[in-house]
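Peer 1: Listed in order, the protein sequences are those of chains A and B.
Remember, my numbering sits 32 above the position in the first sequence when you count from 1.
Remember, my numbering sits 145 above the position in the second sequence when you count from 1.
Hints in this document: simulated from the structure, not taken from any laboratory.
Some hints could be false.
Stated by the list, open to error - Cβ-Cβ distance ranges computed for the label pairs, FRET-style:
# : chain 1 : residue 1 : chain 2 : residue 2 : range
1 : B       : Pro-251   : A       : Glu-161   : 31 to 37 Å
2 : B       : Tyr-457   : A       : Ala-40    : 36 to 42 Å
3 : A       : Glu-231   : B       : Arg-288   : 33 to 39 Å
4 : A       : Asn-110   : B       : Pro-270   : 47 to 53 Å
5 : A       : Pro-241   : B       : Leu-166   : 32 to 38 Å
6 : B       : Gly-360   : A       : Glu-200   : 37 to 43 Å
7 : A       : Tyr-240   : B       : Gly-360   : 33 to 39 Å
8 : A       : Pro-241   : B       : Gln-258   : 47 to 53 Å
9 : B       : Phe-398   : A       : Ala-235   : 52 to 58 Å
Where is the CB? At the ideal position from N, CA and C, for every residue including glycine.
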Amino acid sequence: MMLPLLRAILFLGFVKPFVLLLLGVNARGIENMPRRGPALLAANHNSHLDTLVLLSLFPLRMLPLLRPVGARDYFHRNRASAWFSRNILRLIPLDRKPSADGPHPLSECVEALKNGEILLIFPEGSRGEPEEMRPFKTGIAHLAETLPEIPAHPVFLRGTGKALPRGEALFVPHICDIAFGEPLTWTGDRQSYMQTLRERFQALAALYPAPPPPET
Amino acid sequence: MSFITEPSHPVVQVSAAIFLLLVLAGLTAKILRRRHPERDFRELEYRIRSWWLICAVFLGAILAGGSAGLILFTFISYLAFKEYISLIPTRRVDRRVLFWAYLAIPIQYTWIQLEWYGMFVIFIPVYMFLIIPIRLVSLQETRGFLNAAGTIQWGLMITVFCLSHAAWLFVLPPALNPAAGPAGLVLFLVGLTEFNDIAQYLWGKSLGGPRILPGVSPGKTWAGFLGGVLSTAFAALLLAPFLTPLRGFTAFFIGAGIGFFGFLGDVTVSALKRDLNIKDSGGLLPGHGGILDRVDSLLFTAPLFLHFIRYYHPG
Numbered sequence: 033m034m035l036p037l038l039r040a041i042l043f044l045g046f047v048k049p050f051v052l053l054l055l056g057v058n059a060r061g062i063e064n065m066p067r068r069g070p071a072l073l074a075a076n077h078n079s080h081l082d083t084l085v086l087l088s089l090f091p092l093r094m095l096p097l098l099r100p101v102g103a104r105d106y107f108h109r110n111r112a113s114a115w116f117s118r119n120i121l122r123l124i125p126l127d128r129k130p131s132a133d134g135p136h137p138l139s140e141c142v143e144a145l146k147n148g149e150i151l152l153i154f155p156e157g158s159r160g161e162p163e164e165m166r167p168f169k170t171g172i173a174h175l176a177e178t179l180p181e182i183p184a185h186p187v188f189l190r191g192t193g194k195a196l197p198r199g200e201a202l203f204v205p206h207i208c209d210i211a212f213g214e215p216l217t218w219t220g221d222r223q224s225y226m227q228t229l230r231e232r233f234q235a236l237a238a239l240y241p242a243p244p245p246p247e248t
Numbered sequence: 146m147s148f149i150t151e152p153s154h155p156v157v158q159v160s161a162a163i164f165l166l167l168v169l170a171g172l173t174a175k176i177l178r179r180r181h182p183e184r185d186f187r188e189l190e191y192r193i194r195s196w197w198l199i200c201a202v203f204l205g206a207i208l209a210g211g212s213a214g215l216i217l218f219t220f221i222s223y224l225a226f227k228e229y230i231s232l233i234p235t236r237r238v239d240r241r242v243l244f245w246a247y248l249a250i251p252i253q254y255t256w257i258q259l260e261w262y263g264m265f266v267i268f269i270p271v272y273m274f275l276i277i278p279i280r281l282v283s284l285q286e287t288r289g290f291l292n293a294a295g296t297i298q299w300g301l302m303i304t305v306f307c308l309s310h311a312a313w314l315f316v317l318p319p320a321l322n323p324a325a326g327p328a329g330l331v332l333f334l335v336g337l338t339e340f341n342d343i344a345q346y347l348w349g350k351s352l353g354g355p356r357i358l359p360g361v362s363p364g365k366t367w368a369g370f371l372g373g374v375l376s377t378a379f380a381a382l383l384l385a386p387f388l389t390p391l392r393g394f395t396a397f398f399i400g401a402g403i404g405f406f407g408f409l410g411d412v413t414v415s416a417l418k419r420d421l422n423i424k425d426s427g428g429l430l431p432g433h434g435g436i437l438d439r440v441d442s443l444l445f446t447a448p449l450f451l452h453f454i455r456y457y458h459p460g
């Protein structure tokens with residue numbers, strides 16, 4: 033009872049004003065955002081801010097559906113962080129190095145999708161070097177293959193890695209460029225699915241011409 | 146010192162007139178859409194809707210009185226500087242310097258609140274000009290040093306220092322402007338600057354003719370520029386007695402100056418965007434672009450107007 037209220041207060045009182053006013057976003061392709069669950073939201077990953085930015089774009093009534101997916105070794109590194117990610121972020125922890133005899137690492141994700149929830153996943157698997165895209169991991173293809181009717185909405189993010197890159201505690205305001213692409217569904221095999229996803233991201237990245245690199 | 150209680154105050158009356166103009170603009174857009182159902186007026190409608198937001202926020206802060214206007218300009222400088230920093234190329238180490246540059250924004254507006262003019266005019270051109278390279282040197286990354294020092298300082302100068310000149314008008318002695326007080330001067334400056342933008346656009350669109358700076362802004366014509374400057378000069382002549390201590394030729398002259406400097410601010414931001422290969426500085430105001438696209442002309446008119454007022458009415 034108290035937790036949903038706390039989540040709503042944090043969402044309206046902190047996440048939305050922080051992202052929309054203090055950070056600032058340029059959003060394109062808003063019409064391609066999922067309006068109902070179940071759905072997958074696949075984003076490239078630069079910063080912890082990515083999750084907050086994606087959450088902030090949704091209306092409050094959809095907040096209960098939104099489930100970020102993150103690395104268990106990071107988000108459950110201590111009890112406070114585990115409590116926060118489980119109860120406030122409602123994060124689904126993912127084992128990056130699963131044991132062979134345990135349950136399938138994506139079983140909780142599959143359950144959430146079956147419950148009609150929207151998963152926020154970062155196929156790069158890690159924030160990596162800021163503003164550089166790494167090869168995608170195939171976990172998303174596994175989910176799409178298991179539940180082939182569920183759409184995956186690609187969303188390209190740029191700028192959060194400048195505002196708060198990995199390994200930095202100093203937040204420096206920087207506008208975040210966002211582009212939602214048309215959702216894709218299961219293509220029939222992993223290779224063509226991952227290829228289509230990569231192509232969608234390349235097309236979205238091209239919507240925001242990057243500034244020329246500083247002369248270093 | 147809220148104006149809500151004084152409906153006869155010129156600032157209140159001019160604000161009401163501006164809202165009336167917005168209603169008229171909305172009606173005109175509706176009529177245009179009905180007469181030409183085949184044409185797309187969405188851009189115009191977004192533009193008018195954003196004008197409502199801008200007028201509500203700006204006039205709301207002016208009419209609220211107290212420090213509301215100063216706080217609003219601090220926030221506009223923040224948004225404009227953030228937009229600028231997000232557009233230009235920066236290195237990862239520059240984040241350390243940018244943090245200090247962001248801190249300079251509330252500090253610059255604090256000098257205004259304290260009415261410390263000497264500090265207000267030197268803080269960014271002198272102290273920040275020294276602090277930025279000092280911090281950059283301490284980071285020991287010399288590749289791209291000049292680029293970082295130059296671009297960060299330029300951004301602070303234009304989005305914070307120049308814009309804060311409009312906010313300094315708030316703390317001028319009220320006796321300087323018996324007609325409408327400091328808020329009247331701000332309303333005069335901002336109102337005429339925006340009027341000039343619209344007038345230049347409308348004259349340019351309706352007359353066309355030879356282009357004035359095709360290498361920077363291909364859409365701008367001599368007709369738009371001259372028509373805008375003259376319209377703004379006449380608008381100043383009419384509006385000055387209500388809002389300022391300026392009369393006659395002086396009012397006409399500063400009106401033309403606002404028109405000319407507004408144009409220069411506009412094309413300066415255009416040159417910046419062309420250099421960065423972008424069309425709009427952002428997406429904050431649908432139909433207008435970003436905040437820099439909206440305040441570009443004010444960046445140049447604000448210092449001109451403040452120093453003009455201070456020169457003619459020292460006090």
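Peer 1: Determine for every hint whether it applies to the structure shown.
Peer 2: Cross-check of the supplied hints:
Checked against the hint of 31 to 37 Å, the pair Pro-251 of chain B and Glu-161 of chain A passes, with Cβ atoms roughly 32 Å apart. Range check, Tyr-457 of chain B to Ala-40 of chain A: Cβ separation about 55 Å, and the 36 to 42 Å hint is violated. Separated by about 35 Å at the C-beta atoms, Glu-231 of chain A and Arg-288 of chain B satisfy the suggested range of 33 to 39 Å. Distance hint for Asn-110 of chain A and Pro-270 of chain B: a CB-CB separation of about 48 Å, consistent with the stated range 47 to 53 Å.
For the pair Pro-241 of chain A and Leu-166 of chain B, the supplied restraint of 32 to 38 Å holds, since their beta-carbon distance comes to about 37 Å. Evaluation of the 37 to 43 Å hint for Gly-360 of chain B and Glu-200 of chain A yields a pass: the beta carbon distance comes to about 40 Å. Under the hint 33 to 39 Å, the C-beta atoms of Tyr-240 of chain A and Gly-360 of chain B, about 25 Å apart, miss the expected range. At about 40 Å, the beta-carbon gap between Pro-241 of chain A and Gln-258 of chain B misses the expected band of 47 to 53 Å.
Phe-398 of chain B and Ala-235 of chain A have their C-beta atoms about 53 Å apart, which keeps the hinted 52 to 58 Å range intact.
Of the hints listed earlier, those the structure fails to meet are numbers 2, 7, 8, in rising order.
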